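A.B. asks: My request is simple: use the sequences and hints to build the entire structure.
In order, the protein sequences belong to chains B, U and L.
The first sequence runs 1 to 300 under my numbering.
The second sequence runs 1 to 255 under my numbering.
The third sequence runs 1 to 287 under my numbering.
Simulated from the structure, these hints should not be mistaken for lab results.
Certain hints may be false.
To be verified - The calculated label-pair distances, taken between Cβ atoms and stated as ranges, are: (1) Ala118(U) <-> Leu111(L): 47 to 57 Å; (2) Leu75(B) <-> Gly213(U): 52 to 62 Å; (3) Ile274(L) <-> Arg225(U): 38 to 48 Å; (4) Arg225(U) <-> Gln7(L): 26 to 36 Å; (5) Ala108(B) <-> Ala128(L): 47 to 57 Å; (6) Arg30(U) <-> Val186(L): 54 to 64 Å; (7) Thr214(B) <-> Val112(L): 17 to 27 Å; (8) Ile255(L) <-> Arg120(B): 36 to 46 Å.
Unchecked claim - Computed cross-link-like contacts, DSS-like style, restricted to lysine-lysine with a CA-CA straight-line distance of at most 30 Å: (9) Lys33(L) <-> Lys160(L); (10) Lys56(U) <-> Lys76(U); (11) Lys19(U) <-> Lys9(U); (12) Lys166(U) <-> Lys131(U); (13) Lys76(U) <-> Lys90(U); (14) Lys90(U) <-> Lys233(U); (15) Lys56(U) <-> Lys19(U); (16) Lys90(U) <-> Lys56(U); (17) Lys153(B) <-> Lys76(U); (18) Lys153(B) <-> Lys9(U); (19) Lys76(U) <-> Lys131(U); (20) Lys131(U) <-> Lys56(U); (21) Lys56(U) <-> Lys153(B); (22) Lys90(U) <-> Lys160(L); (23) Lys233(U) <-> Lys153(B); (24) Lys131(U) <-> Lys90(U); (25) Lys56(U) <-> Lys9(U); (26) Lys90(U) <-> Lys88(L); (27) Lys56(U) <-> Lys124(U); (28) Lys90(U) <-> Lys124(U); (29) Lys153(B) <-> Lys19(U); (30) Lys19(U) <-> Lys90(U); (31) Lys88(L) <-> Lys153(B); (32) Lys166(U) <-> Lys124(U).
As the list claims (entries may be wrong) - Computed footprint of chain L on chain B, listed as stretches where at least three residues anywhere in the stretch have a Cβ under 8 Å from a Cβ of chain L: (33) 81-90; (34) 217-227; (35) 247-257.
Values in this document were obtained by computation on a predicted structure and should not be read as measured data.
Positions of the beta carbon are idealized from the N, C-alpha and C atoms, including for glycine.
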Amino acid sequence: MSSYVINVATQIIIQAIAACGLNVIVGYAGQISLGHAAFVGIGAYSNAMLTTAAGLSFWQALPVSLVIVGIVGFLCGLPSLRVREDFLAITTIGINFIVVAVFQYTPALGGALGIGGIPRVRLFGEVLKGNGFFALCIVCLVIVMVICRFFTKSWSGLSCFAVREEETAASSMGVSPVRAKLTAFVLGTVMAGLSGALYAHYMRFINADSFSFTFSVTLLSIAVAGGLGTLWGPVVGAVVLGVLPEIFRPLVDYRMFLYAALLLMMIRFLPGGILGGSSVISHKKFKPKSAETLKEGRRS
Amino acid sequence: MSDILVSVKNLSINFGGLKAVDNVSFDIHRREILGLLGPNGAGKTTCFNMISGVYKPTSGEIYLEGRRTDGLPPHKMAALGVGRTFQVVKPFGGLTVEENVIVALGMPQYNSFFGSWASWNTPKNRAEAQKILETVGLSDESAARAGMLPLGNLRKLEIARALALKPRLLLLDECFSGLRQEEIRIIEDLIRGISESGVSILLIEHNMRVAMGLSDRIIVLDHGRKLAEGSPKEVSSNPDVIEAYLGRGAGADVA
Amino acid sequence: MQLFLEQILNGLAAGGMYALITLGLALIYGVMKILHVAHASVYTVGAYMGLYLFTLTGNIFLAALGSMAFCACIGVLIERFVYYPLLKFPPYVPLISSIAILIAMEELCRLVAGPEVRTFAAKLPFPAVTIGNFTISSTLVTVYCVSFAVFILLWLIMTKTELGLAMRAVSQDMEMASALGVNTQVTVAVTFIIGSSIAAIAGILVGIYYNQVYPMMGEVPAYKTLALIVVGGMGSASGAVVASFILGVAETFLIGYANIPMPRDALAFIAMIIILMWRPTGLMGKR
Numbered sequence: 001m002s003s004y005v006i007n008v009a010t011q012i013i014i015q016a017i018a019a020c021g022l023n024v025i026v027g028y029a030g031q032i033s034l035g036h037a038a039f040v041g042i043g044a045y046s047n048a049m050l051t052t053a054a055g056l057s058f059w060q061a062l063p064v065s066l067v068i069v070g071i072v073g074f075l076c077g078l079p080s081l082r083v084r085e086d087f088l089a090i091t092t093i094g095i096n097f098i099v100v101a102v103f104q105y106t107p108a109l110g111g112a113l114g115i116g117g118i119p120r121v122r123l124f125g126e127v128l129k130g131n132g133f134f135a136l137c138i139v140c141l142v143i144v145m146v147i148c149r150f151f152t153k154s155w156s157g158l159s160c161f162a163v164r165e166e167e168t169a170a171s172s173m174g175v176s177p178v179r180a181k182l183t184a185f186v187l188g189t190v191m192a193g194l195s196g197a198l199y200a201h202y203m204r205f206i207n208a209d210s211f212s213f214t215f216s217v218t219l220l221s222i223a224v225a226g227g228l229g230t231l232w233g234p235v236v237g238a239v240v241l242g243v244l245p246e247i248f249r250p251l252v253d254y255r256m257f258l259y260a261a262l263l264l265m266m267i268r269f270l271p272g273g274i275l276g277g278s279s280v281i282s283h284k285k286f287k288p289k290s291a292e293t294l295k296e297g298r299r300s
Numbered sequence: 001m002s003d004i005l006v007s008v009k010n011l012s013i014n015f016g017g018l019k020a021v022d023n024v025s026f027d028i029h030r031r032e033i034l035g036l037l038g039p040n041g042a043g044k045t046t047c048f049n050m051i052s053g054v055y056k057p058t059s060g061e062i063y064l065e066g067r068r069t070d071g072l073p074p075h076k077m078a079a080l081g082v083g084r085t086f087q088v089v090k091p092f093g094g095l096t097v098e099e100n101v102i103v104a105l106g107m108p109q110y111n112s113f114f115g116s117w118a119s120w121n122t123p124k125n126r127a128e129a130q131k132i133l134e135t136v137g138l139s140d141e142s143a144a145r146a147g148m149l150p151l152g153n154l155r156k157l158e159i160a161r162a163l164a165l166k167p168r169l170l171l172l173d174e175c176f177s178g179l180r181q182e183e184i185r186i187i188e189d190l191i192r193g194i195s196e197s198g199v200s201i202l203l204i205e206h207n208m209r210v211a212m213g214l215s216d217r218i219i220v221l222d223h224g225r226k227l228a229e230g231s232p233k234e235v236s237s238n239p240d241v242i243e244a245y246l247g248r249g250a251g252a253d254v255a
Numbered sequence: 001m002q003l004f005l006e007q008i009l010n011g012l013a014a015g016g017m018y019a020l021i022t023l024g025l026a027l028i029y030g031v032m033k034i035l036h037v038a039h040a041s042v043y044t045v046g047a048y049m050g051l052y053l054f055t056l057t058g059n060i061f062l063a064a065l066g067s068m069a070f071c072a073c074i075g076v077l078i079e080r081f082v083y084y085p086l087l088k089f090p091p092y093v094p095l096i097s098s099i100a101i102l103i104a105m106e107e108l109c110r111l112v113a114g115p116e117v118r119t120f121a122a123k124l125p126f127p128a129v130t131i132g133n134f135t136i137s138s139t140l141v142t143v144y145c146v147s148f149a150v151f152i153l154l155w156l157i158m159t160k161t162e163l164g165l166a167m168r169a170v171s172q173d174m175e176m177a178s179a180l181g182v183n184t185q186v187t188v189a190v191t192f193i194i195g196s197s198i199a200a201i202a203g204i205l206v207g208i209y210y211n212q213v214y215p216m217m218g219e220v221p222a223y224k225t226l227a228l229i230v231v232g233g234m235g236s237a238s239g240a241v242v243a244s245f246i247l248g249v250a251e252t253f254l255i256g257y258a259n260i261p262m263p264r265d266a267l268a269f270i271a272m273i274i275i276l277m278w279r280p281t282g283l284m285g286k287r
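C.D. replies: Spelled out as structure tokens, the structure:
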């Protein structure tokens, strides 16, 4: 495969992983998060720092980064998830801006210049690049999707669906809404962190601009366009919204406009997403999944 | 073991200057159906909400089998065996009827770290859910999306979910409102069956005939205060009660 | 002392301009419960349209009126064709559509008018005011007078007219208002007309004040104003105005005096979170 295709594909997979995490928060637990990019960034910066300044290998740094992201996610989620829906949207936007500002203005994190020279990932002595790195990303995506599947089948996941549908009723049935939302939030942000770590070792240079609010919007659009609450939604969304700008690339100047216009059309006419309920695309192709998507508590 | 399951003592709650419930005390005995009546705005649902943990009383205490429970959040009350239905039905619309019941079956798992990662979709859980759905008469609809059900079935689903908690106390908030005669009769029988199985029931209901027919004892609230307490017969001939419902002057006319 | 006074005056002007943008946003959120992020692009279009009409006619009043009318139409179109059909979906759906509109309109401005920063040198009808040794520039006077006029006008509409009553009723409880005979669709549409017109005024004022009109100018207020309506108390127009003035003055001081190296957006959100911790319903929120 040409390196251009592999490049685009790798970025799509990395975004899909982050979108899976967002799907857990928004699709499964029904919470809005407009700051998801911040957690991708925390994962990226954490792995970048650990592998450059602290000299750890990718594999050693990764678990540490994931724990860091999880802790920050927990601390952010704790106050935010108690507020009303509209407040939550704005609070998560605020988290995004604040985290990015921290990246930008902390000299230890490279300040405006960011962190460069991030080493490649080595597996059994071999350097992973191109196809090899792409394969690593695919493996990570599969692991993340397996975790999502497992989550939807667990009591924890079911409690999130219940909270999403009717929080008061859920609490009168023994579900602690805060606990359910926090669990989903931490799980989702850790997945974002994984995406960030992969991103850092893929780009080998990161700075605060990559994790701005715009990226959070992209991630949410991916999750929504694919179909929230479904298993494959984030992947479908990432592919569609990842391929579109490439198709428009020759139209350089009009690219952003067409992308925004298309996103608008998609949201306006397919608010349930491609795999979601109010879709125009027939579900026959996905029939075997449709019984499952009902069990996953698909929102329509 | 004492005959009293729940003891409510001097319960009061203020909402920004408005005393919605004012110094209300009553007991709920084991196996009894206690009716909580009163005109609109009397504070009945507010009492429910305090007992089930949705609100924290401003003053007063609530005891469940001797253990103080006022101020505990709803999910802890559910774990202590208090189940409730809602006046405006709250089904988990995107889940199937069966899944709605299974959510309640999971009550023991949600706060245990290892339990919460276990799978819910087991044959055992589905069988148990089916049994409960049969009790309320919804087993034919078990695979239907809850959001699509008509009101009568939704009210049954509310009860089914509360039953899945294996409650000691069941709070029913106007579970007959909006139902047709046949549906009312079905649910009346259902409630009698639940009571016979040993569950205490606290019932808010506007339909007088149903409330009087089902309840062993009745408490009447008015403007947040307890107005009367006694058997259906005693309460229905109490002039204060009649006045509260029909207005001043009516008390003198009705026997 | 002179510098301090200057900073206060600049801060109040900035606050006034923020308030004009945020007012529209607060009113729209109040009646429709939608975070109309695209409002910032209506503001940008207002600035461009104002500039265009001014270069065409040479008359700032005509330019302002024309721009207001144009933006009012855009606002209503957005409401009718995008938000209204999406009302029954979860709130992130209209929110994403709003952000998409914001990006699309900014890009459209860039494609149509070019990416360069344009100047807006308008001859203003208000004279400079001199108090003793101190001169308040004509631009500042204009900003004060216009903002003040808009606030008064809006206050009159909200408190003394039937429309204002309808708007307040709809923002409290749409179903109830409808049951009481209020035409909610018209009320919402009119709210968008008012909000978008004010956004146009804000755009023109900002363009003149900073002498800059550029496609991305909407990015400056776009997200900060969200923080402002939260701080003001969701849906409270007066709260939004108060919060805007506080932010305007605070920002001017922090940039002018202290050398706080934090981007302004982050500052607004940090302030928002701190205020929310103290008063969870916002400065003037009801719930």
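A.B. asks: Each hint needs a verdict: does it hold in this structure or not?
C.D. replies: Hints, verified against the model:
1. Ala118(U) <-> Leu111(L): 47 to 57 Å: holds (56 Å)
2. Leu75(B) <-> Gly213(U): 52 to 62 Å: holds (55 Å)
3. Ile274(L) <-> Arg225(U): 38 to 48 Å: holds (43 Å)
4. Arg225(U) <-> Gln7(L): 26 to 36 Å: Violated, since Arg225(U) and Gln7(L) (Cβ atoms, about 60 Å apart) do not stay within the stated range.
5. Ala108(B) <-> Ala128(L): 47 to 57 Å: Holds, at about 48 Å.
6. Arg30(U) <-> Val186(L): 54 to 64 Å: holds (59 Å)
7. Thr214(B) <-> Val112(L): 17 to 27 Å: holds (22 Å)
8. Ile255(L) <-> Arg120(B): 36 to 46 Å: holds (42 Å)
9. Lys33(L) <-> Lys160(L): holds (23 Å)
10. Lys56(U) <-> Lys76(U): holds (13 Å)
11. Lys19(U) <-> Lys9(U): The hint holds at about 16 Å.
12. Lys166(U) <-> Lys131(U): holds (13 Å)
13. Lys76(U) <-> Lys90(U): holds (19 Å)
14. Lys90(U) <-> Lys233(U): violated (34 Å)
15. Lys56(U) <-> Lys19(U): This hinted pair holds, its Cα atoms lying about 13 Å apart.
16. Lys90(U) <-> Lys56(U): holds (22 Å)
17. Lys153(B) <-> Lys76(U): holds (24 Å)
18. Lys153(B) <-> Lys9(U): violated (43 Å)
19. Lys76(U) <-> Lys131(U): With a Cα-Cα distance of about 25 Å, the restraint between Lys76(U) and Lys131(U) holds, given a limit of 30 Å.
20. Lys131(U) <-> Lys56(U): Violated. Lys131(U) to Lys56(U) sits at ~35 Å, over the 30 Å cutoff.
21. Lys56(U) <-> Lys153(B): violated (34 Å)
22. Lys90(U) <-> Lys160(L): violated (40 Å)
23. Lys233(U) <-> Lys153(B): With Cα atoms ~52 Å apart, Lys233(U) and Lys153(B) exceed 30 Å; violated.
24. Lys131(U) <-> Lys90(U): holds (21 Å)
25. Lys56(U) <-> Lys9(U): Judged against 30 Å, a Cα distance of about 14 Å means the pair holds.
26. Lys90(U) <-> Lys88(L): At roughly 18 Å apart (the allowed maximum being 30 Å), Lys88(L) and Lys90(U) satisfy the hint.
27. Lys56(U) <-> Lys124(U): It is violated: about 37 Å lies between the C-alpha atoms, which goes past 30 Å.
28. Lys90(U) <-> Lys124(U): holds (26 Å)
29. Lys153(B) <-> Lys19(U): violated (45 Å)
30. Lys19(U) <-> Lys90(U): holds (27 Å)
31. Lys88(L) <-> Lys153(B): holds (29 Å)
32. Lys166(U) <-> Lys124(U): holds (16 Å)
33. 81-90: holds (count 6)
34. 217-227: Contact hint for the segment 217-227 of chain B vs chain L: holds, 4 residues under 8 Å.
35. 247-257: Three-residue rule met by the segment 247-257 of chain B, so holds; n is 4.
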